[in-house]
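Turn these sequences into a full structure, and let the hints guide you.
Protein chains: 2
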Amino acid sequence: MGGDNAPAEIVAGALEAASDDIKPILAGPKGLDTGGLELVEADQVIAMDEKPADAVREKPDSSLVATCRAVADGRADVALSAGNTGAMLAASLVHVRRLPGVRRPAIAVVLPSDHGPSVLLDAGANADARPEHLLQFGQMGAIFAQELLDIQQPTVGLLSIGEEPEKGSKLTLEAYELLTAAEDLEFRGNVESRDLLRGAADVVVTDGFTGNVSLKLLEGTIRSVLDAFRSEITSTTRGKLGGLLIRPAARGLRARLDPDTYGGAYLLGLRGLVVIAHGNSGRRAIANAIRLAARGAEHDVVGRLQERLQGRVVASARFPAS
Amino acid sequence: MGGDNAPAEIVAGALEAASDDIKPILAGPKGLDTGGLELVEADQVIAMDEKPADAVREKPDSSLVATCRAVADGRADVALSAGNTGAMLAASLVHVRRLPGVRRPAIAVVLPSDHGPSVLLDAGANADARPEHLLQFGQMGAIFAQELLDIQQPTVGLLSIGEEPEKGSKLTLEAYELLTAAEDLEFRGNVESRDLLRGAADVVVTDGFTGNVSLKLLEGTIRSVLDAFRSEITSTTRGKLGGLLIRPAARGLRARLDPDTYGGAYLLGLRGLVVIAHGNSGRRAIANAIRLAARGAEHDVVGRLQERLQGRVVASARFPAS
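Top line first, the protein sequences correspond to chains A and B. The first sequence runs 0 to 321 under numbering that gives the first Met the number 0. The second sequence runs 0 to 321 under numbering that gives the first Met the number 0.
Please keep in mind that the hints were generated in silico from the structure rather than gathered at the bench. It is possible that part of the hints are untrue.
[To be verified] Below, computed lysine-lysine pairings styled on DSBU-like, alpha-carbon distance capped at 30 angstroms:
1. B:Lys169 x A:Lys215
2. A:Lys166 x A:Lys215
3. B:Lys29 x A:Lys169
4. B:Lys215 x A:Lys169
5. A:Lys166 x B:Lys166
6. A:Lys169 x B:Lys169
7. B:Lys166 x B:Lys215
8. B:Lys166 x A:Lys215
9. B:Lys169 x A:Lys50
10. B:Lys169 x A:Lys166
11. B:Lys29 x B:Lys50
12. A:Lys50 x A:Lys29
13. B:Lys166 x A:Lys50
14. A:Lys215 x B:Lys215
15. B:Lys50 x A:Lys166
16. A:Lys169 x B:Lys166
17. A:Lys166 x B:Lys215
[Said to hold, decoys possible] Calculated Cβ distances over 10 angstroms to all of chain B for the following chain A residues:
18. Pro28
19. Ala249
20. Glu306
[To be verified] Short, incomplete list of chain A residues facing chain B, as computed with Cβ under 10 angstroms:
21. Gly115
22. Ala180
23. Asn211
24. Ser223
25. Lys239
No experiment lies behind these values; they were computed from the predicted model shown. All residues carry an ideal CB built from backbone N, CA and C; glycine is no exception.
Here it is as structure tokens:
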């Protein structure tokens with residue numbers, strides 16, 4: 000029931016993604032037409048603008064909370080929602096819970112770069128971060144890139160305001176030191192935002208405030224440029240004719256840059272898989288998000304994270320968990 | 000002598016901007032061909048990668064420092080450089096100095112939005128900011144928008160990760176309170192980065208880290224999208240033909256979104272005007288930056304800032320200057 004197009008587009012996306020390997024389960028009100036898919040009954044709905052923590056506490060029978068509980072109970076392998084992101088985060092922390100040793104979960108989004116996909120995290124799970132969180136985001140991001148993007152030795156970059164090690168904020172300067180000292184990471188130093196779409200690094204680490212601002216700016220700018228292009232073109236007859244001719248190319252570009260191509264962002268660092276889809280997701284985005292989610296389950300991303308973070312918990316036990 | 004194309008493009012841009020109202024003075028080595036413009040002799044050069052504070056101290060006869068001194072001495076109305084931004088900031092603080100009551104100077108950049116230009120600050124003068132700095136950025140930005148963008152009652156927005164007042168980092172949540180309480184500002188709350196090119200507010204306030212990341216991301220994304228568009232189009236014969244037809248439209252768009260259209264960013268909060276141009280500026284960008292700089296002098300932006308910040312110094316004296 001989450002997102003701007005629920006339930007119709009969610010159900011349609013689930014039906015589109017359903018296959019021999021993927022069995023979507025829907026959470027929603029009794030009697031919902033699921034087209035034959037399994038239904039977990041959940042009669043409450045959390046709206047997009049509700050306060051996350053309150054909503055999760057007050058609506059235990061919402062489809063969003065039911066989805067997280069289904070993962071906690073082992074009834075589903077992944078929880079996916081296009082609903083209230085903050086509420087999904089809150090419900091995940093309560094019901095799915097953090098992996099041992101994980102300080103903060105992070106939202107990992109796949110970016111379409113020139114050199115193939117890369118992953119940016121944290122894209123907004125926590126507005127404020129400490130240097131040791133950024134280190135752990137790098138470690139989680141590297142595992143994500145290996146398991147889900149098939150990058151054997153992923154490079155890790157720190158988003159900053161200059162490539163030189165001495166450029167940055169207090170937070171990034173301290174994180175730089177920690178990332179440099181992490182022997183198991185291919186840390187390649189600071190990366191600049193202008194290179195995000197040019198494959199600056201396979202994994203780009205930042206705090207959730209900067210990550211969220213960057214992600215929305217990227218999406219907004221891509222849309223603004225393409226829209227401005229269209230309106231410039233259609234303002235003359237000559238341009239309109241040209242526009243018809245370039246339409247296939249324009250479609251290809253839109254598809255490559257479209258956030259719906261990946262459809263969802265992973266919430267990493269929990270005892271189960273949680274995927275957050277855009278609030279305005281249509282059926283195609285939902286279907287892609289479900290496929291991305293399924294890939295995470297096949298590759299046992301949670302198991303890999305747990306396994307590989309275990310050694311590091313000891314190594315970095317001097318940082319208090321928060 | 001600053002920037003990637005000095006001195007040839009700097010001299011050419013200065014000659015292009017020279018008029019009855021604008022008298023460029025160049026700073027550079029003895030014997031530099033200035034095409035007849037006045038020359039301030041300065042035999043040292045600060046390179047783009049030198050450490051700002053050290054370079055300014057060790058090279059008092061650099062063209063960059065000479066430019067700032069010319070403003071401090073009243074010999075010039077505005078200092079402009081396409082050189083090392085950090086060094087220009089450092090030299091400005093030493094030679095031009097802050098206005099009384101100004102806690103931190105800020106870099107103000109003009110963004111090309113759908114609804115006309117808007118101003119974003121701080122675009123990178125200080126990597127870390129406190130809430131009271133963001134309040135002052137709002138006040139300086141509003142004066143900038145009035146005087147240089149001809150906006151009578153500029154709206155001020157705070158860059159954050161959601162429009163709701165409770166969304167944001169520790170820094171933005173506190174700044175939100177201060178901005179709300181500032182009676183002389185048309186504060187319209189949080190704005191999201193996805194709306195930066197859609198005229199979210201006339202003045203958008205943020206810390207220098209987020210502002211610098213946002214500005215570079217905006218420029219990088221615009222370039223990446225236009226480049227990707229070109230390469231998609233030219234990959235087929237049909238596309239190539241369409242590309243020829245839309246070329247005028249594409250040029251119009253490039254011009255509107257091109258950072259060189261404004262050419263320079265203002266460093267606000269000093270006792271004189273300082274304008275920073277892109278390192279890769281060509282003559283057109285330099286000429287535009289000079290014209291923007293001249294407008295600032297005509298409108299006595301420094302006098303306006305001093306006048307209007309004066310009352311506020313008292314009102315906000317509880318914040319220690321830093």
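Here is how each hint holds up against the structure:
no. : hint                : result
1   : B:Lys169 x A:Lys215 : holds, 20 angstroms
2   : A:Lys166 x A:Lys215 : holds, 24 angstroms
3   : B:Lys29 x A:Lys169  : violated, 42 angstroms
4   : B:Lys215 x A:Lys169 : holds, 20 angstroms
5   : A:Lys166 x B:Lys166 : holds, 28 angstroms
6   : A:Lys169 x B:Lys169 : holds, 15 angstroms
7   : B:Lys166 x B:Lys215 : holds, 24 angstroms
8   : B:Lys166 x A:Lys215 : holds, 15 angstroms
9   : B:Lys169 x A:Lys50  : holds, 18 angstroms
10  : B:Lys169 x A:Lys166 : holds, 22 angstroms
11  : B:Lys29 x B:Lys50   : holds, 25 angstroms
12  : A:Lys50 x A:Lys29   : holds, 25 angstroms
13  : B:Lys166 x A:Lys50  : holds, 10 angstroms
14  : A:Lys215 x B:Lys215 : holds, 14 angstroms
15  : B:Lys50 x A:Lys166  : holds, 10 angstroms
16  : A:Lys169 x B:Lys166 : holds, 22 angstroms
17  : A:Lys166 x B:Lys215 : holds, 15 angstroms
18  : Pro28               : holds, 27 angstroms
19  : Ala249              : violated, 7 angstroms
20  : Glu306              : holds, 32 angstroms
21  : Gly115              : violated, 14 angstroms
22  : Ala180              : violated, 22 angstroms
23  : Asn211              : holds, 4 angstroms
24  : Ser223              : holds, 4 angstroms
25  : Lys239              : holds, 9 angstroms
Going down the numbered hints, you'll see the structure goes against 3, 19, 21, 22, while the others check out.
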